[in-house]
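Enquirer: Chains as they are written, first to last, in my numbering: chain D, 1 to 349; chain W, 1 to 349.
Because the hints were derived from the structure by calculation, they are not lab data. From a predicted model like this one, the values you see are computed outputs, not experimental measurements. Errors might be hidden in some of the hints.
Said to hold, decoys possible - Computed spacing ranges between beta-carbons, pair by pair:
id, chain 1, residue 1, chain 2, residue 2, range
1, D, M59, W, D152, 27 to 35 angstroms
2, W, L191, D, S121, 35 to 43 angstroms
3, D, R93, W, W322, 13 to 21 angstroms
4, D, R51, W, D263, 52 to 60 angstroms
5, W, R167, D, G133, 43 to 51 angstroms
6, D, Q223, W, L191, 31 to 39 angstroms
7, D, S18, W, Q123, 40 to 48 angstroms
8, D, W143, W, G119, 34 to 42 angstroms
9, W, R275, D, R167, 50 to 58 angstroms
10, W, W322, D, L191, 21 to 29 angstroms
11, D, A260, W, W322, 28 to 36 angstroms
12, W, S149, D, W322, 25 to 33 angstroms
13, D, V234, W, R93, 30 to 38 angstroms
All residues carry an ideal CB built from backbone N, CA and C; glycine is no exception.
There are 2 protein chains.
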Amino acid sequence: MSASAPTLRSLAKQLGLSRTTVSDALRGSPRVDPKTAERVQKAAREAGYRRNPLAGALMSELRRSRGTAFRGVLAAVDFTEPERPDAAARFHRELVVGAETRAGELGFKVEKFAVGHAGLSVQRLDSILQSRGIHGVILLPAWDEPDLSNLDWTRFAGIYTDYIIERPALHSVCSDHYRSLLAALQRLASLGYRQPGLFLQRHQDERLQFRWGAAFRAFQENQPEIRAVPPLIVDAYTKEAFVRWFKKHQPDVVLGHHTAAIDWMADCGAEIPERHGFVCLNKNMTTRPCAGLDLQPRTLGARGAELLIAQLQRNETGIPEWPSTTTIPARWSDGPTLRTGNAGHARTP
Amino acid sequence: MSASAPTLRSLAKQLGLSRTTVSDALRGSPRVDPKTAERVQKAAREAGYRRNPLAGALMSELRRSRGTAFRGVLAAVDFTEPERPDAAARFHRELVVGAETRAGELGFKVEKFAVGHAGLSVQRLDSILQSRGIHGVILLPAWDEPDLSNLDWTRFAGIYTDYIIERPALHSVCSDHYRSLLAALQRLASLGYRQPGLFLQRHQDERLQFRWGAAFRAFQENQPEIRAVPPLIVDAYTKEAFVRWFKKHQPDVVLGHHTAAIDWMADCGAEIPERHGFVCLNKNMTTRPCAGLDLQPRTLGARGAELLIAQLQRNETGIPEWPSTTTIPARWSDGPTLRTGNAGHARTP
DNA sequence: CGGACATGATCGGACTGTCCGCACGTTTCG
DNA sequence: CGAAACGTGCGGACAGTCCGATCATGTCCG
């Protein structure tokens, strides 16, 4: 019994074997005599041997990648959807850039694949990934719920980069819309706005399980000095409906995705930014300069790659027993559609 | 220029130095001549050297704990709070069990520490963890916002097992209260309940940024066949306030933490489970048998350990640039306080 | 001026577990 | 009987870090 914890080498010496044989025996390699293996395992149990997990991870990676420069490849899978708004393309690109960067730092490469409609069939994707030896899949957001249940998930680890995926139910990475909207409203209040209004397309809120609307109402409910303006939630954006709502409830700041609303407000006599304001709920989706939330697609992509690589390093494939959602708050971004105040911090925690 | 990625040794050879000097130079050790250090750093940049994070983590552990046993160890840190409800103890225990189990599978051990009030000071904890060579910290939930900003976070990776921690702003793991309540309400609707009521202590909702209340209202708003009952949110539980609310709005099912409400409902003439129902929002906090949400502390603890170990394996310490929150939906659990229906699945997605 | 001592800069050794290739001895088979 | 195949075990190389050793130079004092 030595003072320090048993290692492979001390065990090997004690047994009169080489460290290699002990290592192989403990991991059940077929290269060692079953009798020897049992003897080693018994001795390891008795000595209380516990393998160093870090060294294990390091060495297997090291040995595997001998010579070759990169250690692994991830697939970024995009669903080609004809109805998807064009603006989403930039968001997708940023997601991929973030994933590529982080993956690169961790020794992985990212390759892009397009699936559905104008792209590959799911079967075809499956066989390509299999033959290329790719085991990590990042699924980019789809406007309608994507279906990749036909992939042979016993061989893949996957991450979805949006709130919810049911087919299959994978881990996901997403912006924290609820928290971000609360923080944005708080900021607007500190800038002196008292009647914020929310302007959304129904589908936009539905696919987030109404998180935008819920955060908006929760804020109104818990801030006595805020005058309640009912959210305007429409099936399709029309100027007419917006103008009616705006004139009736007279919000002093509007939060929404559709930047054309800035013009509609002006047409109603709003003075931006002196007396009224507009906040875009996803700045990455518009080119028009305005204040709003940066949903940080790069950070999301990076975190997605990180989670995926962690799974691969644990050698975990398949559909998780309990899928989790990892969220990151949006970053506040100033712009010309709001009056300036003494609010300083760039982060919206 | 070699085919494979540059290593410490290849760099050292190229520069005519030893690997030790190169390593020290790149990490800014005061032991090397500043001129040499600069030369090394320039060469490293040009060669595109990237240090292997796994090897770094392994070796620093190994060297630090020379002789003595290095095994991966995580610290589970609990804040001793006098006002904390007793029921929370069980939740904490389950969290730790989950973390221990998952950590064990990945080759790590978990040790418990109590901080504050009746336990260690933060300074003391810092020095204990340092001298024990522990770099992973799981923070258990505190009723009030915990403060561990005095720990030297350049040497630790941490995970908080509740929604929000600001001091410091770490990654966290938590139940998905918003999604879980929506799913529970959906289930109640499918069982025929039409007037659900929510009964909360204000602090319980505040510390979740009103997610319970927000999900409740979002559901009412988007389900036309549900009759709106205003939530009852109180500073302290009293029978009187509950009875007044219950008689006025006549909910047919009440969702809340406080199981004494079951008796109060009965006193008002409610028939449980034939015509009325009660749903507990955190079954792990009560011993009374009833239907409700299992927030799955074991799964949360397990996922927390997983995320923490992933950080350690990447040799990442410190406060993350963009803290993320990882959420897991609650599991629905049947019980005698609800009438049975034809709803089958155990999971609440 | 020379020896004792301090300081600065660099190096070597040892440490973890894994995987590939090699070696040695035995069995199989044409 | 010789060659090939197989079973089993071993050694080398690999990553980055930290402690102590080493060696050159500078400083101080008798």
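Enquirer: Determine which of the earlier numbered hints do not hold for this structure and return their numbers in increasing order.
Expert: 8, 9 and 13
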